[in-house]
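K.L.:
Going down the list, the protein sequences come from chains A and B. Heads up, the first sequence is in this note's numbering, so the first residue is 16 and it goes up one at a time. Heads up, the second sequence is in this note's numbering, so the first residue is 16 and it goes up one at a time.
If you're looking for bench data, these hints aren't it; they were derived computationally from the structure. Keep in mind that a hint or two might mislead.
Footprint (simulated), chain B over chain A, 3 or more residues, beta carbon under 8 Å [stated by the list, open to error]:
1. 76 to 82
2. 111 to 124
3. 191 to 199
Computed footprint of chain A on chain B, listed as stretches where at least three residues anywhere in the stretch have a Cβ under 8 Å from a Cβ of chain A [as the list claims (entries may be wrong)]:
4. 28 to 41
5. 57 to 71
6. 185 to 199
C-beta atoms are modelled at their ideal positions from N, C-alpha and C, and glycine is treated no differently.
There are 2 protein chains.
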Amino acid sequence: MTQPDPEDRHDSHSAASTVADDLARLILGEMTPGTSLPSEADLATRYDVSRLTIREAVKMLEGRGLLEIARGRKALVRAPDGSAFADFLTSVIRYDAKGLFDLIEVRLSLEVQSATLAARHSTRAGVAAIESALQGMREAADGAIDLPTDAVELRFHSFDVGFHEAIALASGNRVLGYLFEAMAQPLREGFYISRRGHERRGHTIQDTIDAHQRILDCIKDGNGRAAADAMRFHLKDTERDIRAALSGRPLRTE
Amino acid sequence: MTQPDPEDRHDSHSAASTVADDLARLILGEMTPGTSLPSEADLATRYDVSRLTIREAVKMLEGRGLLEIARGRKALVRAPDGSAFADFLTSVIRYDAKGLFDLIEVRLSLEVQSATLAARHSTRAGVAAIESALQGMREAADGAIDLPTDAVELRFHSFDVGFHEAIALASGNRVLGYLFEAMAQPLREGFYISRRGHERRGHTIQDTIDAHQRILDCIKDGNGRAAADAMRFHLKDTERDIRAALSGRPLRTE
DNA sequence: TCCTCCGAGATATCAGATACCTTTTAGTAA
DNA sequence: TTACTAAAAGGTATCTGATATCTCGGAGGA
Chain A
16 MTQPDPEDRH DSHSAASTVA DDLARLILGE MTPGTSLPSE ADLATRYDVS RLTIREAVKM
76 LEGRGLLEIA RGRKALVRAP DGSAFADFLT SVIRYDAKGL FDLIEVRLSL EVQSATLAAR
136 HSTRAGVAAI ESALQGMREA ADGAIDLPTD AVELRFHSFD VGFHEAIALA SGNRVLGYLF
196 EAMAQPLREG FYISRRGHER RGHTIQDTID AHQRILDCIK DGNGRAAADA MRFHLKDTER
256 DIRAALSGRP LRTE
Chain B
16 MTQPDPEDRH DSHSAASTVA DDLARLILGE MTPGTSLPSE ADLATRYDVS RLTIREAVKM
76 LEGRGLLEIA RGRKALVRAP DGSAFADFLT SVIRYDAKGL FDLIEVRLSL EVQSATLAAR
136 HSTRAGVAAI ESALQGMREA ADGAIDLPTD AVELRFHSFD VGFHEAIALA SGNRVLGYLF
196 EAMAQPLREG FYISRRGHER RGHTIQDTID AHQRILDCIK DGNGRAAADA MRFHLKDTER
256 DIRAALSGRP LRTE
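When you get a sec, could you build the whole thing from the sequences and use the hints?
P.N.:
Below is the structure:
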């Protein structure tokens with residue numbers, strides 16, 4: 016059934032796709048980020064196709080996140096980041112109402128692992144970054160206890176995301192960092208909405224800060240298991256917030 | 016619809032990127048897989064750019080995995096799959112020796128979760144798919160107990176991957192399935208190599224089959240925790256196999 | 001009714017030009 | 001000699017127009 020089908024991405028019988036795949040192999044195989052590709056005219060003579068075909072191939076690779084193209088400069092090989100995955104995950108969420116919660120479920124697993132790893136072997140700088148994000152949340156909240164405006168909420172939320180991202184980075188596992196980055200964008204809206212459910216369930220901003228503080232304390236203690244538990248508890252609670260917010264009114268009528 | 020903004024032309028981004036982003040928003044927002052895009056000529060008049068610009072935009076979206084393009088037919092909106100992420104993960108592995116083990120670490124976490132979820136709520140069809148893959152492993156092994164040829168090993172390995180993929184699918188969480196698919200390709204080589212380390216450590220193919228059987232049994236019992244433990248044990252063991260294989264001789268000289 | 005063939009429509013690719021941006025170089029003035 | 005500036009060189013962005021080839025639906029014949 017699921018036979019290894021190495022070439023199912025593109026039916027390589029178009030010239031542009033063939034060139035693109037060949038360049039991709041080259042880029043992934045033996046070029047480091049920052050290196051520049053030969054010029055379009057050069058590649059055109061090399062592959063014996065027109066410049067247009069080269070352009071299309073290069074545009075495909077730009078779409079795949081492998082190249083960075085700017086006018087007047089040669090194409091640069093790009094360092095990997097999660098953005099290539101982000102709009103894919105967005106589509107998962109949109110096509111399927113259950114997709115949002117599938118994604119949250121996966122994120123929980125990855126963040127719990129991040130917290131565990133961060134507790135076990137994070138550097139002083141890693142912990143400092145997490146602390147700084149939490150401090151930012153505090154300051155954003157201090158200006159908004161009575162009447163949180165949208166701008167303040169946005170600011171608070173942004174530090175909240177930064178807190179979780181700092182933990183993913185502090186895990187020392189780069190793949191976790193990339194995956195977090197890729198998931199953060201599609202989930203941003205959902206987690207922003209969660210604040211509404213948070214209030215509806217009778218919780219305050221201070222509760223949120225306390226939950227984050229507990230996670231940070233466990234990481235500073237180097238207690239991986241406790242950090243995992245604290246993170247799991249916090250995310251489960253956030254998930255309940257989102258469900259509460261969504262039960263009130265539907266997500267994204269647009 | 017989509018009346019062209021006059022200042023689009025002098026945006027910091029290129030016209031092709033602008034069109035691509037707009038189309039991406041459209042596709043992700045309100046088009047279902049299988050729907051076809053308007054023809055290139057149609058889009059060209061709509062956005063008031065040349066057909067070439069449309070082609071480049073469409074090629075970018077093909078690279079992002081959002082469209083499927085064939086000659087003579089309109090571009091089709093594509094259902095999401097993990098392939099958009101695969102070459103990104105490949106680059107992570109290549110750029111960094113630690114990347115391979117980072118990826119294995121993440122995979123462990125995701126597969127343990129898959130096993131848990133599969134045990135909790137898999138369908139009869141889902142279990143049947145897992146069983147079928149295991150049966151395939153058995154048959155491949157039966158023909159290769161004494162002298163496993165490369166072809167037989169490849170066959171066995173292919174069913175092995177199929178087993179894990181079936182579990183990811185049986186979890187009912189589609190994001191897990193996509194992530195597994197995206198990770199499978201870059202990891203395929205590593206796990207193929209693991210068989211060498213497996214033998215070096217004095218284990219047999221039967222041991223591998225037994226380990227998979229234990230995972231399957233737990234899933235059939237509906238025991239999520241036991242399935243997670245069995246999966247974790249198996250993957251930790253496989254990781255040791257890979258390390259043993261790599262310590263013998265370096266990976267991929269190419 | 002079913003099959004075959006053809007034309008309309010769609011993409012694939014080519015060639016040649018122009019516009020504009022970036023980097024480098026050469027020249028000029030301090 | 002140094003610093004600043006302007007032009008040239010090399011690159012990408014985009015357009016126009018044309019040809020080749022593929023897909024699909026409909027007309028027409030068996």
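K.L.:
Each hint needs a verdict: does it hold in this structure or not?
P.N.:
Outcome of the hint check:
Taking a C-beta to C-beta cut-off of 8 Å, the region 76 to 82 of chain A contributes 6 residues in contact with chain B, enough for the three needed, and the coverage statement holds. Residue count for the region 111 to 124 of chain A with a Cβ under 8 Å from a Cβ of chain B: 8. That meets the three needed, and the coverage hint holds. A stretch counts as covered by a chain when three or more of its residues have a beta carbon under 8 Å from one of that chain; for the region 191 to 199 of chain A and chain B the count is 4, and the coverage holds. Beta-carbon proximity to chain A at under 8 Å applies to 4 residues in the region 28 to 41 of chain B; the threshold of 3 is reached and the given coverage holds.
Under a criterion of three residues with beta carbons nearer than 8 Å to beta carbons of chain A, the stated coverage of the region 57 to 71 of chain B is upheld, 3 such residues being counted. Check result for the region 185 to 199 of chain B against chain A: holds, 7 residues qualifying (beta carbon to beta carbon below 8 Å, three or more required).
The structure meets every hint from the earlier list without exception.
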